[in-house]
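Model the full structure from these sequences, guided by the hints.
Line by line, the protein sequences give chains E and G. Our numbering numbers the first residue of the first sequence as 52 and each following residue consecutively. Our numbering numbers the first residue of the second sequence as 52 and each following residue consecutively.
The hints are simulated quantities; they were obtained by calculation from the structure and are not laboratory data. All the given hints hold, so there is nothing to weed out.
List of simulated lysine to any residue pairs, SDA-like, C-alpha gap at most 20 Å: (1) K266/G to R178/G; (2) K111/E to D288/E; (3) K111/E to Q282/E; (4) K266/G to T186/G; (5) K266/G to A316/E; (6) K111/E to L123/E; (7) K266/G to S322/E; (8) K111/E to F81/E; (9) K266/G to F286/G; (10) K266/G to R312/E; (11) K111/E to P101/E; (12) K266/G to G321/E; (13) K266/G to A180/G; (14) K266/G to Q320/E; (15) K266/G to L319/E; (16) K111/E to H284/E; (17) K111/E to D268/E; (18) K266/G to A288/G.
Take a look at the letters that make up each chain.
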Amino acid sequence: MRVDRRELFAGRALLLALVAITILPFISIFTTALYPSGSSPAGLSWPADPQWGNFIEAFKVANMSTLLGSSLFIVLAVVPVSLLISTMAGFGIGLLRIPGAGLLLLLFVFGLTLPFEGIITPLYFLARQLGILNTRFAIVLPLIGLFMPFAVFWMRAHFVNMPPEVSEAARVDGASTWDLFWRIHVPLARAPIASLGILMSVWAWNQFLLALVLVEDPTQRTMAGALGAFQGHYATDIPLLSAGTVLILLPTLILFIVFQRQVIAALLQGSVKG
Amino acid sequence: MSHAADGAGDRGAIARSRPGAAPRRQARRIPFTRGVRRQTLVGWLFVLPALVMYGLFVLQPLLLTVQYSLYRWDGVGPATWVGLSNYATVLSDPRLVETLFNAFRLVVFYSFIPVALGLVTAAVIHRVAAGRLGTISRTVLFLPQVIPLVAAGIIWGRLLSLNGLINQVLGAVGLGDVTRAWLGDFDTALPAVGIIGIWVLLGFCTVLLLTGMGKIDGALYESARLDGAGWFQEFRAITVPSLRYEVGVCITVTVIAALAAFDIVYVATGGGPGGSTAVPGIQIYILAFLERQVGLASALAVVLIVLVLLVILPIQRFTRGDAS
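Spelled out as structure tokens, the structure:
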């Protein structure tokens, strides 16, 4: 492409500016975390005497090891189950084309635009009634349900495009529907299942509203939910709050940098299909 | 809708009476040409678990929201039937109506600006930064999209505070007079929350639009250039029209993010000062869990759900209709 030098310069300057605007907030929270606990540091500046100990302090007061375990528990309870049942439903609707498939799809798609706040009030009373309020299951069970519209829609989009020959060959060999699903179509659907798994893991990890309303104890919450509580308790101790925020960001940032191609691809496909 | 949810309940009963291993045996015994009804049943069994979870934890609460919205209830004592009066309150009480207006004001920041700026940024990356710079800026710009919104709220709460980075920069360029606690000021709190949204969503829009640009036929640009088209003409005549679908997706995702905003607002301002950043999500939370007005909170929730549908459906039709 022919691009003159002035344009090249202006374009690159714009990009660098945007990159700087994106990164500066992260740097600012990091340097703030290094100031003496209880002080009120200004904007972006390197402290005279960096307090690396703030991170250890925040790790302890935020109960970080319990938190990591709690978030991990929630992700591991939500994602595999959601993957299995949404793949089955996508298979039933997209490939078996059961009678009523069109209506079923419409019913699930309807949930795609539903804001979580729209149903959070009854979810609270429902969780109380089921006796799971203030336990991790109050986050896990509704989250599985809330992921279904997107997950079923996503998996159905894969199965509806599978050529029928694949299934016909297996049928002739006498495979049952379950064999057809488990032995033939699930292995073929590995890529969309993996993307969906990444997406739902990120969403579960970052889930805030359900954690805030349904679980009082921050150590039983997701990372994001715990961060909200941490902010409530340490709003006045800015360096400590910043150190806690950095610690809570760290796992997400590391995973993103390692798996950035997959994460970006999954999030983009997710929105295009949705 | 109510029919569908009832159906989910009935099918739940079927599921309990049949063990999970049943479909395999049945399908083996019966030749599949004659077992059409069995096939249908087996197919439904595949959909059932997802439908049950969706029915129990999404459709059921959805119906309950509608039900609650017709009562006055403090969440503990007996509920009183009040008909549609909660809806009348939502649409007339200035405090609640204002939350709906705030939601639309946020759309400007969460949707219009990221999509417009994303188009320009993507076009720039596409044109002048095909190599390493493009890859790096794409990754970096996407970063805010993967962190919890709560963290974005906390980080920006610091930046926009009285001695935060924003005021530091303004002071350094001689604009010391305008510095203030941006999130604590009636006039600037909502735009300040909006700026956090721009920061979070710009990268998402840019990368999505960039992917779309990669699919545009290069020959279009070459013939345009033979006709002597400049950068802006190319952008307007080729790039933007070819991205109609991607732009539609960006608008859909960001508009939902704006209308259903919660996390950032909760952390950054809690709806304040004086309700100037109260959006429907925050107001539902305050009404239901702090003020114990469950009925009114539910009416606002129903209004929000309908509002999102009313805004999104035309956008979807526009995008898809044109693509096909």
